[in-house]
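**Q** The listed protein sequences correspond, in order, to chains P and W.
Each residue of the first sequence is one higher than the one before, counting from 5 in the numbering used here.
Each residue of the second sequence is one higher than the one before, counting from 5 in the numbering used here.
Everything labelled a hint here was simulated from the structure, so no lab data went into it.
For glycine and all other residues, C-beta sits at the position ideal for the given N, C-alpha and C.
Worth double-checking, as some hints may not be accurate.
[As the list claims (entries may be wrong)] Listed below are several chain P residues computed to face chain W (Cβ distance under 7 Å; list not exhaustive):
#1 S133
#2 N137
#3 E172
#4 V176
#5 G194
#6 I316
#7 L323
#8 A330
#9 G331
#10 P424
#11 G425
#12 A504
There are 2 protein chains.
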Amino acid sequence: MTIEPGGHLVSVSAGSLLHDALEQAGVRLTLPCGGQGRCGRCIVVVQEGSVRRRSTARLTEDEIARGFALACQTVVLSDVAVWVPPEVEELERAESATRPAKEAPDVMVCEHEAEPWVTQYELEITPPSLSDNTPDLERLQRELALQYDLRDLAPTSAPGTALRVLRELPAVLRDAQWHVVASVEHPASGPPRLVGVDPAAAPAPALGLAIDIGTTSVVIYLGDLATRELVGNASAYNGQIACGDDIISRIIYAKEPARQRELQERVLATINSLIDEMMVNASARGEPLSPEQIRRVTVAGNTTMLQLFLGIDPRYIRLEPYVPAAGRYVPIQARELGLHTNPDAFVDCLPVVGAYVGADITAGAVRAGLHAEEAISLFVDIGTNGEMVLGNSDWLICCACSAGPAFEGSGAVSGTRAVPGAIEEVWIHPDTLEPTWTTIGGKPPVGICGSGMISLLGEMVMTGVIDKGGHIVAEGPRVRRGSFGREYVVAWSHETAKGASGPDIVLTETDIENLLRAKAAIYAGLVCLTESVGLGVGDVERVLIGGAFGRHIDVEKAIQIGLLPDMAWDRFTYLGNTSVQGAYLALTCREHRALVDDVASKMTYLELSADNRFMDAFTSALFIPHTDETLFPSVQQALRELGEARGGSA
Amino acid sequence: MTIEPGGHLVSVSAGSLLHDALEQAGVRLTLPCGGQGRCGRCIVVVQEGSVRRRSTARLTEDEIARGFALACQTVVLSDVAVWVPPEVEELERAESATRPAKEAPDVMVCEHEAEPWVTQYELEITPPSLSDNTPDLERLQRELALQYDLRDLAPTSAPGTALRVLRELPAVLRDAQWHVVASVEHPASGPPRLVGVDPAAAPAPALGLAIDIGTTSVVIYLGDLATRELVGNASAYNGQIACGDDIISRIIYAKEPARQRELQERVLATINSLIDEMMVNASARGEPLSPEQIRRVTVAGNTTMLQLFLGIDPRYIRLEPYVPAAGRYVPIQARELGLHTNPDAFVDCLPVVGAYVGADITAGAVRAGLHAEEAISLFVDIGTNGEMVLGNSDWLICCACSAGPAFEGSGAVSGTRAVPGAIEEVWIHPDTLEPTWTTIGGKPPVGICGSGMISLLGEMVMTGVIDKGGHIVAEGPRVRRGSFGREYVVAWSHETAKGASGPDIVLTETDIENLLRAKAAIYAGLVCLTESVGLGVGDVERVLIGGAFGRHIDVEKAIQIGLLPDMAWDRFTYLGNTSVQGAYLALTCREHRALVDDVASKMTYLELSADNRFMDAFTSALFIPHTDETLFPSVQQALRELGEARGGSA
């Protein structure tokens, strides 16, 4: 097989997948859909030789005739020469180099008085003598009992007291001249554990990490376990993105053990590089920290992300009846995962409720505080899945609906993640149908991100570019027919980051269809949740929007397209990244950690795939804003007013 | 540097130790004394070039003139050519190839009714469905609660539930069609832990290992945790022997971290090869076992051996005030050490009392049963150290006295360990002073082992070859002057395994001096122990002899030389390897495990190095049988009778 550019010559046996053959030759392609042949991002051109295309989705007949093939769906039958378009190969590098737009950390520090997970005790110890040659460990324990009344710290009842501590103990005690600081972990149950001994002359606060492993981004907060103060924060794209954009793509990618390990290694590499970065930043600030100080790690994320992080096969999450390996994870130590922390650090993965209601939701619900109020609130986290929790201090019910990747960038021809240059807001002139837009960071546009899609779709329906069924009905210079049906041009190529030689930024009817499915799934979930407890959508008193994406949604536009229920804007609250915030609360406060378990066990999981009402509600919601317009009176009103205005001006 | 034979040419910088330079060149020498220059086993001949001898102990002036040097004590000053005598280089290979004489396993199975450490529960589990998609782990736990009332097995309170189990759980449950066997560990404190799930169709009993890590030999018993039956056993020399024969030599060898790691790796390699061997043997018997079945490991051994096994610096054991790192060790998992067992197996190192009273003694004392009787008993383990425990069900007091390597083979010119061909019993004709002897396995003699030394020394004193001070006073063809003073020839070279070209097997006055020091140290320890509780040696009602060496001691001869107290032979009992037996009891019975802790905490440690009475008692015991002959009436009587007989026959 010959690969251009680069001219590698690789001999591959017949039957090998083109993607795998290219990977062997060192050419890595990005697989946003995990290798399902759905996204069309791995298109290459077979110039010579024989191949068999398992799927030709996303390819026109003309393209196939010219040798175009999806690398993830094409089997090599003979020696072949393959041209890899630079953008296909470069995609990964470009995306991994680009950070998600930096968000200010949003830390909620609680007022609880509970003891921290790890407490440090300063000790002056009488050195041993011939008349008292008590062993080192027992001597230390004796002092902890005498000076701090820590009497249960006997080694036989301390399953976590690490061998590493014991190995270092004799030298540390003597080097520190018997003046040390003992770090003692107080687990949720069982006796305290001695987790570290350091010289008192060089005290180092015990730190903890709160991690949100998102399908798209990984966000880390570093906190002081004693003071609960935020010490650092960092975020990056999840290194697994090259293996699939959404959960299902990742699960499909992970079908072989080696690939499952690859996914685990990728997310661990992302986390470790973020830890390293925080250490470097701290040094640059003149406040150096050591990874050894990180003595606890609290992890939130959806069920698939947690299973991949822990190296647990995620396949049964995708297969009916959709069963996670565990609801509450087992206690593990950082050394088992190779995290760049103290190897004895306890890694606490927060509990999940079901295959599609993960720890991002249990942590997020605690952050949102649903359990603490009498008012019926809805907590909603919109991403490739829309997860929702409805309830109050008496009851909680939750569900997940598969929204697809429409809001995450890869579900649309000109979709992008929320990177600098992403179009995030759009306005369409009702008369000329000409758009204006803003991009993240004010950079030349590279595509449309999720919030931009909502904004754009809202404008298109309000200005009559599309009808209620999502069909592009207007005519004009911005409307044309493309490869995927009719499309609306949001930005001409010369306006974009790629310039005149690149493609225009468009929204196609197929994209709109995906967006409608996404918003319909979420709204249908809300309908099913409320109906299952005998309520109507209107009975929801507050809507708490979580998730990194939620922060960017324009409520007005989201109501216009029927994604969010039509109610007064002041009943909506943005909470930002509720997953990492909930993890930070659980990291810094044991009472909040207990709350996550309580909330998780209190949540009733409504399985929508077993619910006929869901399909009905979904079908009804496939219109803009909804088949039943009375559910969206403010939109009805605005449409009427705009129609009158247009009618007036026509 | 040139090395012969082999003719390696290695350039070593000046200042490098000859031993290290040889090791770099791939020539490994055995260092029985750990590199202290005391044993003379690493003698090489410097043929060319310049060296500096730090120590010339064990070398005559003539030998030095001929280039002889101790590799462990000689610094290379220039390019040198070194001749390594084959026996010096080959020693290690020969010794590691030779197994200790095989002992029949000596297992005490107790009658306690306590639950085993690991119990297996068969479970038929209802598969998940859309109406009940409880996660796998919680589904299993629910069944364990319903079917076996194991209600505390919640993951948050099970710090040992291994990630590995969770990783395998989804596939095992489904492959086994929801019919599985759950292995549940019941720790000494805290809730039970799920440690394994296997298909019910392929049940595999939970096994455990009891290990005695001796300074010389490692002995392993493999048992069924449920039935307590012995499944296999194996033993080998401790791979650390090449780095020193006794504890102090090993500690000296371990002074650099790399060497400490080497010692840990060596003993782990010994243990792992024994486990592998048992697996191979089981397969050969048609009863294949898997290392995965080994779910618990109980380890006994002296304090230094345990610290080296765990990778804990042993240096403070040797330095005043002689402090071990811990009395009770921390709980660890087999994966932390790389044992060839189930990686989640709990490794339970039994408690030590002091730097020189280790887990071999706490385990041995429990096996001996001192704590269970009203009669005052003495438990004694004779090796390079003589450890003793005196007491009964009300009290226990212990001490350790450094006997040196005289009984272990390397403390004498013709000393050897108890390998096939070792002279183990000697009789000397009272008139001709000609010896007859038996060897282990009836092989041609290779040297004299510890029991042979005791036997020989007893004969020598009873036949007047030596006087009460240990000086060789007889004359005759067997007595001559050698490099280390006068010596008695036990076997002429032509009778030995090496043949006429090899050395004669002898006992020198220096050897006798070492033997006297060894036996005096042990007897003095006994005197101090009894006096410290206001008793006399005669108040001891039973003497229980433990340790692998103890099994071979001839009580009559041991009393003759004043090693053991003079009392009726039926008050002595041989128990064999009490360390591994005690470990096996603790492995197979939780009540016995608790007893080891009880006994360890009940033992008062008498530090002899701080006790002036010890030096007095030691000096008094440097005669044969003792300065105070009234302490050994039977020996006095026998000597008188023999003297009369000789007087009569002369």
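**Q** Each hint: holds or not?
**A** Hints, one by one, checked against the model:
1. Taking 7 Å as the C-beta contact cut-off toward chain W, the hint placing S133/P at the interface holds, the least distance being around 5 Å.
2. For N137/P, the interface hint holds, since its Cβ comes within 7 Å of a Cβ in chain W; the closest pair sits about 5 Å apart.
3. A cut of 7 Å between beta carbons decides the hint on E172/P: the least distance to chain W is about 9 Å, and the hint is violated.
4. Interface hint at V176/P: violated, since its Cβ lies 11 Å from the closest Cβ of chain W, which is beyond the 7 Å cut-off.
5. Residue-level restraint check for G194/P holds (minimum Cβ-Cβ distance to chain W is 6 Å; threshold 7 Å).
6. Interface hint status for I316/P: upheld, as the beta-carbon distance to the closest one in chain W is roughly 5 Å, under 7 Å.
7. A cut of 7 Å between beta carbons decides the hint on L323/P: the least distance to chain W is about 10 Å, and the hint is violated.
8. Interface hint status for A330/P: upheld, as the beta-carbon distance to the closest one in chain W is roughly 4 Å, under 7 Å.
9. The interface hint given for G331/P holds, since its Cβ lies 4 Å from the closest Cβ of chain W, which is under the 7 Å cut-off.
10. Because the closest C-beta pair between P424/P and chain W is about 39 Å apart, greater than 7 Å, the hint is violated.
11. Taking 7 Å as the C-beta contact cut-off toward chain W, the hint placing G425/P at the interface is violated, the least distance being around 41 Å.
12. For A504/P, the interface hint is violated, the least distance from its beta-carbon to any beta-carbon of chain W being 52 Å, above 7 Å.
Of the hints listed earlier, those the structure fails to meet are numbers 3, 4, 7, 10, 11 and 12, in rising order.
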